[in-house]
Each structure stands twice: as structure tokens, then as C-alpha cells.
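Student: All chains, please: the whole structure from these sequences, using the hints.
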Amino acid sequence: DPTVTVFLVSLKAGGVALNLTEASRVFVLDPWFNPAVEDQAFDRIHRLGQHRPITITRLIIANSIESRILELQGKKKLLFDSTIGQDLESLSRITRQEMEFLFQ
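Count along the sequence shown starting at 1, add 2, and that's the number in our numbering.
Careful: at least some of the hints might be erroneous.
[To be verified] Straight-line alpha carbon distances no greater than 27 Å define the calculated DSS-like cross-link-like pairs of lysine-lysine that follow:
{"hint": "1", "residue 1": "14", "residue 2": "78"}
{"hint": "2", "residue 1": "14", "residue 2": "77"}
{"hint": "3", "residue 1": "14", "residue 2": "79"}
[Claimed, not checked] Computed spacing ranges between beta-carbons, pair by pair:
{"hint": "4", "residue 1": "72", "residue 2": "7", "range": "25 to 35 Å"}
{"hint": "5", "residue 1": "10", "residue 2": "66", "range": "20 to 30 Å"}
{"hint": "6", "residue 1": "98", "residue 2": "10", "range": "44 to 54 Å"}
{"hint": "7", "residue 1": "69", "residue 2": "8", "range": "36 to 46 Å"}
{"hint": "8", "residue 1": "98", "residue 2": "9", "range": "23 to 33 Å"}
{"hint": "9", "residue 1": "96", "residue 2": "61", "range": "32 to 42 Å"}
{"hint": "10", "residue 1": "69", "residue 2": "48", "range": "20 to 30 Å"}
{"hint": "11", "residue 1": "61", "residue 2": "99", "range": "38 to 48 Å"}
{"hint": "12", "residue 1": "51", "residue 2": "29", "range": "20 to 30 Å"}
{"hint": "13", "residue 1": "8", "residue 2": "102", "range": "41 to 51 Å"}
{"hint": "14", "residue 1": "10", "residue 2": "99", "range": "41 to 51 Å"}
{"hint": "15", "residue 1": "99", "residue 2": "53", "range": "45 to 55 Å"}
Calculated from the structure, these hints are not laboratory results. Keep in mind it's a predicted model, so treat the numbers as computed, not measured. Every residue gets a Cβ at the ideal spot worked out from N, C-alpha and C, and that includes glycine.
Tutor: Here it is as C-alpha cells:
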């Protein structure tokens with residue numbers, strides 16, 4: 003329906019098997035514990051065919067569970083970036099002992 007301009011979807015449902023190139027604004031009301039899940043959902047909007055600027059807004063109440071989830075996400079991202087990193091080159095810097103530790 004071309005007159006409908008709002009699409010409500012959960013983060014988990016919006017993060018898989020959807021191509022949301024018509025979307026230009028995202029409002030996150032329930033942050034996810036795993037930042038990769040959120041990143042995957044946001045990437046559904048940044049697809050081929052998207053020609054408009056994208057705005058992602060988080061609505062978070064201070065000192066709430068959601069604000070603590072964001073802190074947890076930040077810690078997880080730091081841990082991931084310090085071990086695995088964001089590129090293939092960083093994977094080659096992991097020692098065998100570090101890999102064995104990760105998969106114990």
C-alpha cells in the first residue's frame with residue numbers, strides 16, 4: 003500500500019531475509035544484547051537500491067535496562083575488536099594458543 007509510510011518490525015524479524023531499501027529512518031526502542039544482531043538489521047536498510055540518506059535513532063531512557071544493554075554492547079564490541087578485529091588481516095595476527103582458547 004503506497005499510502006502506508008510506517009512499518010513496525012521487531013529487531014530480530016527486521017534483521018533477517020528482508021530487503022528494506024524503502025526505509026530511510028529506523029527507531030530502536032529495544033536494543034539487543036548482541037551488537038551484531040543490530041548491525042545486521044541496520045544493514046538491511048543499506049542495500050543496493052537505497053538512494054536516500056539513512057537515519058538510525060535510539061530511544062534510550064537513562065539508568066534503564068536498555069542503557070545498561072548499550073554499555074554491554076560497547077564492552078562486547080571492544081572485546082571483539084581487540085581479539086578478532088574488523089578485517090581479515092587482524093585474523094592472521096591471532097596465535098594458535100589464542101585460537102585454542104577461543105574454542106575451548
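Student: Would you mind marking each hint as holding or not holding in the structure?
Tutor: The hints, checked one at a time:
| no. | hint | in the structure |
| --- | --- | --- |
| 1 | 14 <-> 78 | 19 Å, holds |
| 2 | 14 <-> 77 | 21 Å, holds |
| 3 | 14 <-> 79 | 19 Å, holds |
| 4 | 72 <-> 7: 25 to 35 Å | 28 Å, holds |
| 5 | 10 <-> 66: 20 to 30 Å | 21 Å, holds |
| 6 | 98 <-> 10: 44 to 54 Å | 47 Å, holds |
| 7 | 69 <-> 8: 36 to 46 Å | 26 Å, violated |
| 8 | 98 <-> 9: 23 to 33 Å | 47 Å, violated |
| 9 | 96 <-> 61: 32 to 42 Å | 37 Å, holds |
| 10 | 69 <-> 48: 20 to 30 Å | 26 Å, holds |
| 11 | 61 <-> 99: 38 to 48 Å | 43 Å, holds |
| 12 | 51 <-> 29: 20 to 30 Å | 22 Å, holds |
| 13 | 8 <-> 102: 41 to 51 Å | 49 Å, holds |
| 14 | 10 <-> 99: 41 to 51 Å | 47 Å, holds |
| 15 | 99 <-> 53: 45 to 55 Å | 48 Å, holds |
Hints 7, 8 from the list above are not met by this structure, while the remaining hints are.
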